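Can you make the complete structure from the sequences, with help from the hints?
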Amino acid sequence: MVEGKRSPLHARHESLGAKFSEFGGWSMPLEYPTGVVKEHTAVREAVGIFDVSHLGKVMVSGPGAADYVNATLTNDLRKIGPGRAQYTLCCDAETGGIVDDLIAYLHTEERVLLVPNAANSAEVAARLAAEAPEGVKISNLHDDYVVLAVQGTKSDEVLAAVGLPAGHDYMSFVEAHLPGADESVGIVVCRTGYTGERGYELIAANSVALELWDALMAAGAEFGLVPCGLGARDTLRTEMGYPLHGQDISIEVTPNQARLGWAVGWNKDHFWGRDALLAEKEAGPERVLRGIIATGRGIPRPHMSVSLTQDLMVGEVTSGTFSPTLRKGVGLALVSAQVAPDAEVGVDVRGRREIFQIVKPPFVEPSTSES
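Going by the numbering used here, the sequence shown wraps up at 401, each residue one higher than the last.
Hints listed in this document are in silico derivations from the structure and should not be mistaken for laboratory results.
Computed from a prediction, not measured in an experiment: that's the story for all the values here.
Any given hint could be a false lead.
Distance condition first, Cα-Cα at most 27 Å in a straight line; then the derived DSSO-like pairs of lysine-lysine [stated by the list, open to error]:
id : residue 1 : residue 2
1  : K35       : K49
2  : K298      : K167
3  : K311      : K298
4  : K49       : K68
5  : K68       : K298
6  : K109      : K358
7  : K167      : K35
8  : K358      : K390
9  : K49       : K358
10 : K109      : K167
11 : K109      : K311
12 : K390      : K311
Have a look at this one:
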């Protein structure tokens with residue numbers, strides 16, 4: 031039996047025959063009897079629903095909350111306004127290594143919700159609390175809310191069918207409530223996701239979790255909605271080249287190395303790790319995160335070595351999988367910055383040197399653009 035914290039929807043997943051796996055200290059659905067490939071395909075072609083309640087929820091509130099977030103996390107919060115979300119990074123103040131990547135939801139100048147990864151939620155909250163100015167409160171709400179991701183070309187139709195707002199811009203959010211449920215319990219409907227497809231992430235109090243899940247499952251039936259686990263979430267994000275903390279990015283990897291400089295407000299006066307990152311940017315990182323795609327039948331997996339020639343090792347695979355869309359192996363690898371962005375490299379797949387092409391993700395074009 032898989033141990034760990036459980037989502038309020040755990041019994042629903044059990045009733046659907048889910049196979050569970052430990053992830054970030056939580057017992058979460060890995061896949062359902064439909065299988066990863068069918069779940070993956072449902073998102074690319076119709077719509078899928080994921081329980082991602084293991085994601086963290088950290089509220090920064092009080093006078094100056096938005097200013098404080100902007101002075102600590104990498105991206106420039108001043109590029110967005112209330113009702114918008116932004117991908118950003120929490121970096122180590124000294125080294126610039128990535129403590130976590132997260133989404134910041136700007137409600138007001140005095141209220142910013144941060145959604146970090148499960149395993150890093152407490153660390154992000156602790157670092158923010160340690161330096162918070164007087165009047166700014168850091169609340170770790172990790173266990174108080176569910177997060178459901180409705181992802182795919184038919185996601186708008188599913189939300190509309192249950193009476194929730196849909197159709198708003200990418201990286202924006204709307205506060206609503208579920209018709210028929212307690213109107214005092216709000217649901218944040220975010221046009222965000224981790225699949226590359228059009229989709230939404232719904233953040234709601236645990237008290238409405240069951241009602242929300244049941245309503246979405248019932249309404250989604252006519253649109254081909256399929257419950258999906260973390261296995262499909264991983265293949266979908268890998269096809270898009272989205273990094274996963276703990277594999278592709280970590281405290282040992284900087285935004286420059288991960289090619290995430292677009293999520294750094296370089297012109298800001300202050301954010302954690304600024305001096306180290308500016309120095310590395312000027313000098314040029316020694317290694318970079320690249321996409322790799324098989325020219326043959328090899329399937330890359332994390333920690334497999336990457337070589338430029340038979341004897342010249344240049345890095346290692348950080349994420350790798352069989353792409354259900356392309357029917358071939360794809361992945362991400364941290365390799366020497368000297369390796370050309372279109373080079374052919376070898377990956378040691380169980381003792382065989384399989385040839386891969388270095389490419390720029392995404393590996394597939396989503397059916398419905400997020401932009």
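Hints, one by one, checked against the model:
Under the criterion of a C-alpha separation no larger than 27 Å, the hint pairing K35 with K49 is consistent with the structure, at around 15 Å. Only pairs whose Cα atoms come within 27 Å are accepted, and K298 paired with K167 is accepted, the gap being roughly 23 Å. Restraint check: the Cα-Cα separation between K311 and K298 comes to about 15 Å, which is no more than 27 Å; the hinted pair holds. With a C-alpha separation of about 15 Å, the suggested pairing of K49 with K68 holds against the 27 Å cut-off.
Under the criterion of a C-alpha separation no larger than 27 Å, the hint pairing K68 with K298 is inconsistent with the structure, at around 45 Å. About 39 Å separates the Cα atoms of K109 and K358, which puts this hinted pair outside 27 Å; it is violated. Taking the CA atoms of K167 and K35, the gap is about 25 Å. The hint holds against a cut of 27 Å. Our distance criterion of 27 Å between C-alpha atoms is met by K358 and K390, whose separation comes to about 16 Å.
About 25 Å separates the Cα atoms of K49 and K358, which keeps this hinted pair within 27 Å; it holds. This hinted pair checks out: K109 and K167 have alpha carbons roughly 23 Å apart, not beyond 27 Å. Restraint check for K109 and K311: the C-alpha separation of about 22 Å stays at or below 27 Å, so the hint holds. Under the criterion of a C-alpha separation no larger than 27 Å, the hint pairing K390 with K311 is consistent with the structure, at around 20 Å.
When each numbered hint is compared with the structure, violations occur for hints 5, 6.
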